[in-house]
Amino acid sequence: GNSVTQMEGPVTLSEEAFLTINCTYTATGYPSLFWYVQYPGEGLQLLLKATKADDKGSNKGFEATYRKETTSFHLEKGSVQVSDSAVYFCALTQDTGGFKTIFGAGTRLFVKA
Amino acid sequence: GAGVSQSPRYKVAKRGQDVALRCDPISGHVSLFWYQQALGQGPEFLTYFQNEAQLDKSGLPSDRFFAERPEGSVSTLKIQRTQQEDSAVYLCASSPRQGSGRAFFGQGTRLTVV
Chain Y
2 GNSVTQMEGP VTLSEEAFLT INCTYTATGY PSLFWYVQYP GEGLQLLLKA
52 TKADDKGSNK GFEATYRKET TSFHLEKGSV QVSDSAVYFC ALTQDTGGFK
102 TIFGAGTRLF VKA
Chain W
-14 GAGVSQSPRY KVAKRGQDVA LRCDPISGHV SLFWYQQALG QGPEFLTYFQ
36 NEAQLDKSGL PSDRFFAERP EGSVSTLKIQ RTQQEDSAVY LCASSPRQGS
86 GRAFFGQGTR LTVV
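Sequence lines, in order, name chains Y and W. Residue numbering for the first sequence follows the working numbering, starting at 2 and increasing by one per position. Residue numbering for the second sequence follows the working numbering, starting at -14 and increasing by one per position.
Worth flagging that the hints you see were computed from the coordinates, not collected in a lab. Model, not experiment: these values are computed from the prediction. Ideal Cβ positions, reconstructed from N, Cα and C, are used throughout, including at glycine. Warning: the hint list may mix true and false statements.
What the hints assert, rightly or not - Here are the simulated SDA-like cross-link-like pairs (lysine to any residue), alpha carbons at most 20 Å apart as the crow flies:
id, chain 1, residue 1, chain 2, residue 2
1, W, K(-4), Y, E43
2, Y, K78, Y, L110
3, W, K(-4), Y, G42
4, Y, K53, Y, T6
5, Y, K61, W, F89
6, W, K42, Y, K50
7, Y, K50, Y, A18
8, Y, K57, W, R87
9, Y, K50, W, R87
10, Y, K53, W, R87
11, Y, K57, Y, G42
12, W, K(-4), Y, G44
13, W, K42, W, Q22
14, Y, K53, W, K42
15, W, K42, Y, Y40
16, Y, K61, Y, N3
17, Y, K50, W, F89
18, Y, K50, W, K(-4)
19, Y, K61, W, R87
20, W, K(-4), W, R49
21, Y, K50, Y, Y31
22, Y, K57, Y, T25
23, Y, K61, Y, L49
24, Y, K53, Y, F63
25, W, K42, Y, V12
26, Y, K50, W, P81
What the hints assert, rightly or not - Calculated from the model, a selection of chain W residues having no Cβ within reach of chain Y, i.e. all distances over 10 Å:
id, residue
27, G1
28, V4
29, D9
30, S12
31, S58
32, V59
33, Q65
34, R66
35, L76
What the hints assert, rightly or not - Far from chain W, some chain Y residues (derived; all Cβ distances over 10 Å):
id, residue
36, V12
37, K78
38, Q82
39, S86
40, V112
Make the full structure from the sequences, and use the hints.
Have a look at this one:
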């Protein structure tokens, strides 16, 4: 079945450091890929998405590229801020009759000033 | 409303008690999903509605869990005879049409069974 695997956290970085959170997926066909973010005390929010191979999703300085050859969708940001501290979830959605979203376990990011 | 609304935000139930969790999706959204998020984990799919039809309930963990969406808008997730392992955040999400690929999430209901 479909699945998403992302790097375990927590990830602790200093402000302005480079961020990478790895994500790989298993799916048949061509799923859509997402990164969601959950700030402390808030609900899940869509951060970015990509719907086909080689697409790059971007938002708020974050980027991820849909790599079908490596079944990956790694999240990157060139310079993190304290306000980026949150839990990040990689996810996929595919038409298996219901378009349910499959989530990774989440990666907690702490950014220190 | 502007977003997906869930109520209550917090619920404490005694073991064995029945609970009902409500979800108001974004107006006009066809698809509605329920997820269960245990502490420190990603959300796990429970069930999916397209309008009033429950098309997938493969993620419901037991027959104590029941969901409905009788008029194709508001949905209720009911858990009978709650157990401690039911303690989790229950998330509702909606999307504008089948296959839109993106879901809008509510803030969730945190259920604690004591």
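Here is what the structure says about each hint:
1. W:K(-4) to Y:E43: Holds - the C-alpha atoms of Y:E43 and W:K(-4) are around 17 Å apart, at most 20 Å.
2. Y:K78 to Y:L110: holds (12 Å)
3. W:K(-4) to Y:G42: Holds - the C-alpha atoms of Y:G42 and W:K(-4) are around 16 Å apart, at most 20 Å.
4. Y:K53 to Y:T6: Judged against 20 Å, a Cα distance of about 19 Å means the pair holds.
5. Y:K61 to W:F89: At roughly 18 Å apart (the allowed maximum being 20 Å), W:F89 and Y:K61 satisfy the hint.
6. W:K42 to Y:K50: Between W:K42 and Y:K50 the Cα gap is close to 26 Å, so the pair fails against 20 Å, i.e. violated.
7. Y:K50 to Y:A18: violated (23 Å)
8. Y:K57 to W:R87: holds (16 Å)
9. Y:K50 to W:R87: holds (9 Å)
10. Y:K53 to W:R87: holds (14 Å)
11. Y:K57 to Y:G42: At roughly 29 Å apart (the allowed maximum being 20 Å), Y:G42 and Y:K57 break the hint.
12. W:K(-4) to Y:G44: holds (17 Å)
13. W:K42 to W:Q22: holds (16 Å)
14. Y:K53 to W:K42: With Cα atoms ~28 Å apart, Y:K53 and W:K42 exceed 20 Å; violated.
15. W:K42 to Y:Y40: violated (29 Å)
16. Y:K61 to Y:N3: violated (28 Å)
17. Y:K50 to W:F89: Holds. Y:K50 to W:F89 sits at ~13 Å (cutoff 20 Å).
18. Y:K50 to W:K(-4): Measuring from Cα to Cα gives roughly 33 Å; hence the hint is violated.
19. Y:K61 to W:R87: Holds: Y:K61 and W:R87 sit about 18 Å apart, inside 20 Å.
20. W:K(-4) to W:R49: Holds, at about 17 Å.
21. Y:K50 to Y:Y31: Roughly 14 Å separates the two Cα atoms, so the pair holds.
22. Y:K57 to Y:T25: Measuring from Cα to Cα gives roughly 15 Å; hence the hint holds.
23. Y:K61 to Y:L49: Distance ~9 Å between Y:K61 and Y:L49 Cα, so the pair holds.
24. Y:K53 to Y:F63: The given pair, whose Cα atoms are some 18 Å apart, holds under the 20 Å limit.
25. W:K42 to Y:V12: violated (35 Å)
26. Y:K50 to W:P81: Status holds; Cα separation ~16 Å.
27. G1: Holds, since 29 Å exceeds 10 Å.
28. V4: holds (20 Å)
29. D9: Given a closest Cβ separation of 14 Å, the condition holds.
30. S12: Fine: 18 Å to the nearest Cβ keeps W:S12 off the interface.
31. S58: W:S58 clear of chain Y: closest Cβ-Cβ about 19 Å, beyond 10 Å.
32. V59: About 18 Å separates W:V59 from the closest Cβ of chain Y, which puts it past 10 Å; holds.
33. Q65: holds (23 Å)
34. R66: Correct as stated: the minimum Cβ-Cβ distance to chain Y is 26 Å, above 10 Å.
35. L76: violated (7 Å)
36. V12: Check passes; 15 Å lies beyond 10 Å.
37. K78: For Y:K78, whose nearest Cβ neighbour in chain W is about 20 Å away, the distance exceeds 10 Å, so it holds.
38. Q82: The claim holds: Y:Q82 sits with its nearest Cβ about 23 Å from chain W, beyond 10 Å.
39. S86: Fine: 16 Å to the nearest Cβ keeps Y:S86 off the interface.
40. V112: holds (20 Å)
Hint check: violations occur at hints 6, 7, 11, 14, 15, 16, 18, 25, 35; the rest are consistent with the structure.
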